[in-house]
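Colleague: Residues per chain are reported as follows:
There are 2 protein chains.
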Amino acid sequence: MRRRVLDVAEDSFQARGYHASSLGDLMAAAGVTGGALHHHFPTKKALALAVIGERVAAAVEKTWIEPVLAAASAREGVRTVFGAVAAELEQQGYVRGCPLNNLAHELSLADDEFRSALAGIFAGWRQTIADKMRADQTNGGEGGVDPDRFAALAVAAYSGAMSMAKTSQDAGVLRECLKGLESVQPPPSGPAARRRRRVLVHIR
Amino acid sequence: MRRRVLDVAEDSFQARGYHASSLGDLMAAAGVTGGALHHHFPTKKALALAVIGERVAAAVEKTWIEPVLAAASAREGVRTVFGAVAAELEQQGYVRGCPLNNLAHELSLADDEFRSALAGIFAGWRQTIADKMRADQTNGGEGGVDPDRFAALAVAAYSGAMSMAKTSQDAGVLRECLKGLESVQPPPSGPAARRRRRVLVHIR
DNA sequence: GGTAAAACAGACCGGTTGTCCTGTTTTGTC
DNA sequence: GACAAAACAGGACAACCGGTCTGTTTTACC
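Residue numbers (the working numbering), protein chains in the order written: chain Y, 210 to 413; chain W, 210 to 413.
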């Protein structure tokens, strides 16, 4: 029963947002009475906090963290996720946006508990990519590019691309941004640049 | 009077969002009676449409379009805007996010009129950067990088960085992403590059 | 300075929202 | 099978929301 409420809430929060999702609608959609809902989630805020902590975090984990960790490199992981998400969106024909971003925009200024919960997910997401790239570098690959910088850019590009994709209802911008991300190379400054590039070619 | 309402609405929509801004609050904050408000904006939706068309578009124009057009190059324009916004946010000590993005997330799935109005602003923004870079290229500068690709990435990176900055209440990620963007270089040409690219595509 | 339209005032209403409260049923445990 | 705790049912309610309505005042123009 608790799970049913969470399912419906997760879906409705993404499709309509937090404020536009009334508890009445959620109750009807989940087939749950007011008493039952209030038992598991005393307030609407508690419900949202649960959705963020249990569902949104899990979605990021499944969509991003796991594929990145499983990939051959950070770069490859980013490429894989962008491609997979773009393909999924194109197949389903509409774009509802990134659950994390959607809630982050609506809630992070409204309440500090919301904000820190969402910020934690963002931080973990970035750190996974950065750590992965650091591992790549100690393994001899991926010269020059700053891991934290790359991770921040990858997450920002994804989030921003999803915003535009949602607004234009067209996933094409995701592919555009991925191609742009592919062009992120270590800055060709000084003689070190040539060496780096050689290394990059080498390991492939 | 109409201007006063728009001022207050613009501010409240950015600080609290559309749904969380009640007309009662807006009336009180603007010192306007219900009748006056209803005279200028028959519905709340009409008010939001006016805010988007007159204020949000103008904000993007002033923050992005004008500086980019005035800059020596598209790249330089992007650099300038990122720096200026980061500096402004750091000075004021809090982050309310990008007005366009905030409303885009909350409204683009709710109503198609909202959606297309917001999508138009996004499109104009991207096109300005892309056109600027095309001009750079015909003037001999900026080789290799695809203008549309760069524009999409710049806008996405900015939007996404603002999302994270808003969620973490820290503008630092903006500077990180700018540094990442600086590393966007035309893909190295030559046999080595071609080989690498082939491998990358193959993996997908 | 008369007049029509626009601008504004302020009360009002139906509907909805989130929350709370009192019972009833189910579950787990000795 | 007694019994306490958790799970659930369902109504009640006070606050609030957006929208509408009827008047009054200001403005613009001939």
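Be a bit skeptical, because a hint or two may be false.
One copy or any two copies: either way a pair holds, since identical chains are not told apart in the list.
Here are the simulated SDA-like cross-link-like pairs (lysine to any residue), alpha carbons at most 25 angstroms apart as the crow flies [as the list claims (entries may be wrong)]:
#1 Lys253 - Gln378
#2 Lys253 - Glu391
#3 Lys253 - Ser377
#4 Lys271 - Ala255
#5 Lys388 - Glu322
#6 Lys271 - Gln394
#7 Lys388 - Ala328
None of these hints come from the bench; they were simulated from the model. Note that this is a predicted model, so its numbers are computed, not measured.
Colleague: Now look at each hint and say whether the structure bears it out.
Modeller: So, going through the hints one by one against the coordinates:
For the identical chains of this complex, Lys253 and Gln378 are inter-copy neighbours only, at 24 angstroms across copies versus 29 angstroms inside a copy, given an alpha-carbon limit of 25 angstroms. In this assembly of identical chains, Lys253 and Glu391 lie within 25 angstroms of each other by CA distance neither inside one copy nor across copies; the values are 42 angstroms within and 43 angstroms between. Taking CA atoms no more than 25 angstroms apart as the test, Lys253 paired with Ser377 passes between copies only; the shortest distance there is 23 angstroms, against 30 angstroms inside one copy. Within a single copy, Lys271 and Ala255 get their C-alpha atoms as close as 23 angstroms, which meets the 25 angstroms cut-off; across copies the closest is 40 angstroms, which misses it.
Neither within a single protomer nor between protomers do Lys388 and Glu322 lie at most 25 angstroms apart by alpha-carbon distance, with minima of 36 angstroms and 31 angstroms respectively. Within a single copy, Lys271 and Gln394 get their C-alpha atoms no closer than 28 angstroms, and across copies no closer than 31 angstroms, so neither meets the 25 angstroms cut-off. Proximity of Lys388 to Ala328 under the C-alpha cut-off of 25 angstroms is restricted to the inter-copy arrangement: shortest distance 21 angstroms between copies versus 27 angstroms within a copy.
The structure is inconsistent with the numbered hints 2, 5, 6, although it conforms to all the rest.
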